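So the chains spell out like this:
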Amino acid sequence: DTEVTQTPKHLVMGMTNKKSLKCEQHMGHRAMYWYKQKAKKPPELMFVYSYEKLSINESVPSRFSPECPNSSLLNLHLHALQPEDSALYLCASSHIGTGGIEAFFGQGTRLTVV
Amino acid sequence: DAKTTQPPSMDCAEGRAANLPCNHSTISGNEYVYWYRQIHSQGPQYIIHGLKNNETNEMASLIITEDRKSSTLILPHATLRDTAVYYCIVRVSGNTGKLIFGQGTTLQVKP
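Note that the protein sequences, when read in sequence, are chains P and X. Counting in the working numbering, the first sequence runs from 1182 upward without gaps. Counting in the working numbering, the second sequence runs from 189 upward without gaps.
To be clear, the hints were calculated from the coordinates, so they are not data collected in a lab. Keep in mind that the hints are not guaranteed to be accurate.
Said to hold, decoys possible - In silico DMTMM-like pairs for lysine to aspartate or glutamate, Cα to Cα no more than 25 Å straight-line:
no., chain 1, residue 1, chain 2, residue 2
1, P, K1190, P, D1266
2, X, K257, P, E1283
3, P, K1200, P, E1248
4, P, K1190, P, E1265
5, P, K1221, X, D270
6, P, K1219, X, D270
7, P, K1222, X, D270
8, X, K191, P, E1225
9, X, K240, X, D255
10, P, K1222, X, D199
11, X, K298, X, E246
What the hints assert, rightly or not - Listed below are several chain X residues computed to face chain P (Cβ distance under 8 Å; list not exhaustive):
no., residue
12, H237
13, I288
14, Q291
Just so we're clear, the structure is a prediction, and the values are computed from it rather than from any experiment. Don't be surprised by glycine CBs; every beta carbon is placed ideally from N, CA and C.
Could you build all of it, start to finish, from the sequences and the hints given here?
So this is what it looks like as structure tokens:
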């Protein structure tokens, strides 16, 4: 199983809503990532978890709150978002090490904030 | 972090080889070169990676210059399904596996 599963595929939320994005993998990867991608732009790294602990936060606003409840799951909790936060949110996972390691990406959640 | 420079777009005829260049002149000795591609509205897909030697797999070949300052991804027989944005990435040293995407090259394969 080399799949990273993201749910939901599409989400529309109001600026006062609270919602969560979910990411799941069963490859035994201990690094998991959230990326944000705006239209016609490359993915931008948001957060990195290593061994279920937050290791990198790329200065992401606090209205985005990540959570890694176990080694297979990664959540992104959303609260009080702005319309400019509308984007494709991508989750990825990989093994941890210093050698050449490939990351596997999910198909993303297309988020629209209204 | 080492940065990469790629042409913004390229065309290739179907059935011909697609050669995608990438410059990474500030790469350090223990950083790997990775290639990913992203087909419209899908998640990025890993293609290949290398450190010093040329690499080949079922999808592509990766040619890295001896000084490691540039590389070329080769798709030997491009098909219409290879139309995508191709990202050349230098992996940050350390054990986080952090991947920083540059602007990429949009490859258009034409019939």
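The hints, checked one at a time:
1. The suggested pairing of P:K1190 with P:D1266 holds, with an alpha-carbon distance near 16 Å, which does not exceed 25 Å.
2. Note on X:K257 and P:E1283: the hinted pairing holds, with a Cα-Cα distance of about 21 Å set against a maximum of 25 Å.
3. Note on P:K1200 and P:E1248: the hinted pairing holds, with a Cα-Cα distance of about 13 Å set against a maximum of 25 Å.
4. Taken as a hint, the P:K1190 and P:E1265 pair is honoured in the structure, with Cα atoms around 19 Å apart against an allowance of 25 Å.
5. Of the supplied pair hints, the one linking P:K1221 and X:D270 holds, its CA atoms being roughly 18 Å apart against a limit of 25 Å.
6. As the CA atoms of P:K1219 and X:D270 are separated by approximately 22 Å, the hinted pair is consistent with the 25 Å bound.
7. Distance restraint check for P:K1222 and X:D270: the Cα-Cα separation of roughly 19 Å lies within the 25 Å cut-off, and the hinted pair is therefore satisfied.
8. Distance hint between X:K191 and P:E1225 is fulfilled; the C-alpha atoms sit about 14 Å from each other, no more than 25 Å.
9. For the hint pairing X:K240 with X:D255, the CA-to-CA distance comes to about 9 Å; that is within 25 Å, so the pair holds.
10. With a C-alpha separation of about 20 Å, the suggested pair P:K1222 and X:D199 falls inside the 25 Å cut-off, and the hint holds.
11. Of the supplied pair hints, the one linking X:K298 and X:E246 holds, its CA atoms being roughly 22 Å apart against a limit of 25 Å.
12. Contact between X:H237 and chain P, as hinted, is supported at the beta carbon level, the nearest pair being about 5 Å apart and thus within 8 Å.
13. Satisfaction of the interface hint for X:I288 is found here, the shortest Cβ-Cβ separation to chain P being roughly 6 Å, below the 8 Å cut-off.
14. A least Cβ separation of about 6 Å between X:Q291 and chain P falls short of the 8 Å threshold, and the interface hint therefore holds.
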